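Residue numbers (numbering that gives the first Met the number 0), protein chains in the order written: chain A, 0 to 355; chain B, 0 to 355.
Calculated from the structure, these hints are not laboratory results. Note that this is a predicted model, so its numbers are computed, not measured. Hints are not guaranteed to be accurate.
Pairs count within a copy or across copies, as identical chains cannot be separated in the list.
As the list claims (entries may be wrong) - Dumping the calculated EDC-like pairs for lysine to aspartate or glutamate here, alpha-carbon to alpha-carbon at most 20 Å:
#1 LYS43 <-> ASP168
#2 LYS43 <-> ASP167
#3 LYS291 <-> GLU266
#4 LYS258 <-> GLU193
Protein chains: 2
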Amino acid sequence: MNANNIVDATTRSPARVDEVLDRFFSLSTTRAATLAPAYEALWKTLRSNTNGGKRFRPRMVMTAYEGLGGEDLAAAAHVGASFELLHTALIVHDDVIDRDFVRRGIPNVSGSYRDIAHTAGLSIPTAEHRGMSVAVIAGDLALTGAFRLMGLAETNSATRARLLNILDDAVFASAAGELIDVDFSLYSGVPSVEEIVDMERLKTAVYSFEAPLQAGAVLAGAPESVISALGKFGREIGIAYQIVDDLLGVFGDEHATGKTTIGDIREGKRTTLIAYASTRPEWSAISHLVGKSSLTPAEAQIVRTELEACGAKDFTERLAGEHADRAVAALADGNVPQRLVDELTPIVAAVLERVR
Amino acid sequence: MNANNIVDATTRSPARVDEVLDRFFSLSTTRAATLAPAYEALWKTLRSNTNGGKRFRPRMVMTAYEGLGGEDLAAAAHVGASFELLHTALIVHDDVIDRDFVRRGIPNVSGSYRDIAHTAGLSIPTAEHRGMSVAVIAGDLALTGAFRLMGLAETNSATRARLLNILDDAVFASAAGELIDVDFSLYSGVPSVEEIVDMERLKTAVYSFEAPLQAGAVLAGAPESVISALGKFGREIGIAYQIVDDLLGVFGDEHATGKTTIGDIREGKRTTLIAYASTRPEWSAISHLVGKSSLTPAEAQIVRTELEACGAKDFTERLAGEHADRAVAALADGNVPQRLVDELTPIVAAVLERVR
Numbered sequence: 000m001n002a003n004n005i006v007d008a009t010t011r012s013p014a015r016v017d018e019v020l021d022r023f024f025s026l027s028t029t030r031a032a033t034l035a036p037a038y039e040a041l042w043k044t045l046r047s048n049t050n051g052g053k054r055f056r057p058r059m060v061m062t063a064y065e066g067l068g069g070e071d072l073a074a075a076a077h078v079g080a081s082f083e084l085l086h087t088a089l090i091v092h093d094d095v096i097d098r099d100f101v102r103r104g105i106p107n108v109s110g111s112y113r114d115i116a117h118t119a120g121l122s123i124p125t126a127e128h129r130g131m132s133v134a135v136i137a138g139d140l141a142l143t144g145a146f147r148l149m150g151l152a153e154t155n156s157a158t159r160a161r162l163l164n165i166l167d168d169a170v171f172a173s174a175a176g177e178l179i180d181v182d183f184s185l186y187s188g189v190p191s192v193e194e195i196v197d198m199e200r201l202k203t204a205v206y207s208f209e210a211p212l213q214a215g216a217v218l219a220g221a222p223e224s225v226i227s228a229l230g231k232f233g234r235e236i237g238i239a240y241q242i243v244d245d246l247l248g249v250f251g252d253e254h255a256t257g258k259t260t261i262g263d264i265r266e267g268k269r270t271t272l273i274a275y276a277s278t279r280p281e282w283s284a285i286s287h288l289v290g291k292s293s294l295t296p297a298e299a300q301i302v303r304t305e306l307e308a309c310g311a312k313d314f315t316e317r318l319a320g321e322h323a324d325r326a327v328a329a330l331a332d333g334n335v336p337q338r339l340v341d342e343l344t345p346i347v348a349a350v351l352e353r354v355r
Numbered sequence: 000m001n002a003n004n005i006v007d008a009t010t011r012s013p014a015r016v017d018e019v020l021d022r023f024f025s026l027s028t029t030r031a032a033t034l035a036p037a038y039e040a041l042w043k044t045l046r047s048n049t050n051g052g053k054r055f056r057p058r059m060v061m062t063a064y065e066g067l068g069g070e071d072l073a074a075a076a077h078v079g080a081s082f083e084l085l086h087t088a089l090i091v092h093d094d095v096i097d098r099d100f101v102r103r104g105i106p107n108v109s110g111s112y113r114d115i116a117h118t119a120g121l122s123i124p125t126a127e128h129r130g131m132s133v134a135v136i137a138g139d140l141a142l143t144g145a146f147r148l149m150g151l152a153e154t155n156s157a158t159r160a161r162l163l164n165i166l167d168d169a170v171f172a173s174a175a176g177e178l179i180d181v182d183f184s185l186y187s188g189v190p191s192v193e194e195i196v197d198m199e200r201l202k203t204a205v206y207s208f209e210a211p212l213q214a215g216a217v218l219a220g221a222p223e224s225v226i227s228a229l230g231k232f233g234r235e236i237g238i239a240y241q242i243v244d245d246l247l248g249v250f251g252d253e254h255a256t257g258k259t260t261i262g263d264i265r266e267g268k269r270t271t272l273i274a275y276a277s278t279r280p281e282w283s284a285i286s287h288l289v290g291k292s293s294l295t296p297a298e299a300q301i302v303r304t305e306l307e308a309c310g311a312k313d314f315t316e317r318l319a320g321e322h323a324d325r326a327v328a329a330l331a332d333g334n335v336p337q338r339l340v341d342e343l344t345p346i347v348a349a350v351l352e353r354v355r
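So here's chain A without its partners, still in its complex pose (with noise of 0.2 Å):
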């Protein structure tokens, strides 16, 4: 997902959980090093698939943990980079799970493995597999990264067990989206809108926006009631991202997003466009289209006009919207501190901002 609207709303550095990060990676790297050579290369693309990404989920936490009070930003960067660590492990399997080889134009885990493989003679689906075997390792080692950063952040034992709850709590929700997804993919009805926005959430809402919050607010030693508010608006504000995230696969600014407009449609990817498209006369005229894997540019503007025509585009935009607004609903009800509210609000209005 691109994020840079809303990293530019966040107003926290995550230069503190970069910190963490590469102190983990050194380490890490320098015992695989005494291993095998081979080890010390995993770590290190492990590591540079990790320093790509916007550090989105610690900037989650640490706005939440700074602005409910909390100081102790050696603890908060530790629990920031336990989730980034999660996101690279699960978008390292996520990747062997949908056979992708590349990430936002780089190869990624399994691309480099299998370029490395092909290279050096192996046969294309002979490298291929070999890459996803790497990756499906090297998930594990982030994963494995995650629970070891999250456990190494300086509080008492309660809190830390709590931590460790929510990390847990994420990776089962994460699985669960993941698992349903794949069954999307794979059987030929279109699912509805609601168990859209219900994957969709479970897959990346959860560990991307509700756990990162409510981990910094309990590090922060947070009234139930704030966890409670920052939880409902993470989850709400994590829904209308991924239905955002939906509209722009379609109809966004390639460019800015760095996202093409056709993947979507030619993968046949149940989106709640389409699984609102898909309960419309016009979806007739466009069914055989969605999905198509030789889909042409031209194919591609007249699943977009279909798609505006039957209505899905405005409801969807309706829908992004209206999930916005119980998240900044679960804001006002008064828990929150108002500098937080204040410092939450921008990423509202970055998250709609994006499609208009």
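Given chain A, put chain B in place with the hints provided.
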């Protein structure tokens, strides 16, 4: 690996471990059911894949813990259950990497989901990919569960931090071993005996012997000298176990081990036997048969005969014996209490018994 003799040689019961695992899976399955029926089904599959085990690693934990006077069996059972889930995670992901859909004659996670998808009308390659995708997710859940259960062991925070480090180190070693093994299987040269032993130690021996024994000792509050001696014992007996496994894969009693004696030769598995044989003149007579996918039983017999003739079988048996001797020596250094020495010594004999 087949561990019947060793299971017979351990006197500590894993009943408490089973209780912890039952509770973990029951809670997880109930939570999963609230998210999606497919997710509940995945948890049931993961549970049945975990229930097949002999609780070998938990037995190591319990033996060290109780043998050192530990009395909080509930805490020890959490540590034992953590290692059992780590084992599940590693074999589920190892099967993805090896494209195996069956383990011990029963469909594994990948196989179960491949079969469901194929029955539902998907092509074999698509069904296989679905099986492997679900197995990636399932392994992540088991790995997360391992960290969760370790974190739940009731002990002081310094001990818990150390236990989490041991678990982390076990994943770190195992990932290195898996990576080196992937490389061995892809490139044509035969590694040296030392390289094979090192790979086997990292991939399996650390997390199966060394780490569980050390974790049991740490939880029992044992002195450093005992933790270190048990680590040495675990490392050496773990290596001996893997070398014996190499022998059984070619010369074993299929009925007793439940493992074919043709599979390793057919897939060209890099083992200590093959590494030694490749340095002998007799190798030229069999190198074309090792890794021949259409290998016949008669050809497998030729390989066995030459492995005996060139001294590879004798060498490998001797090598296993040397590591077993070092394991015994580690116990005899005066640090480990006699009652625990008396419990661990039969395990050494049981490891070697497997080929006698």
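Flag every earlier hint the structure violates by its number, smallest first.
4
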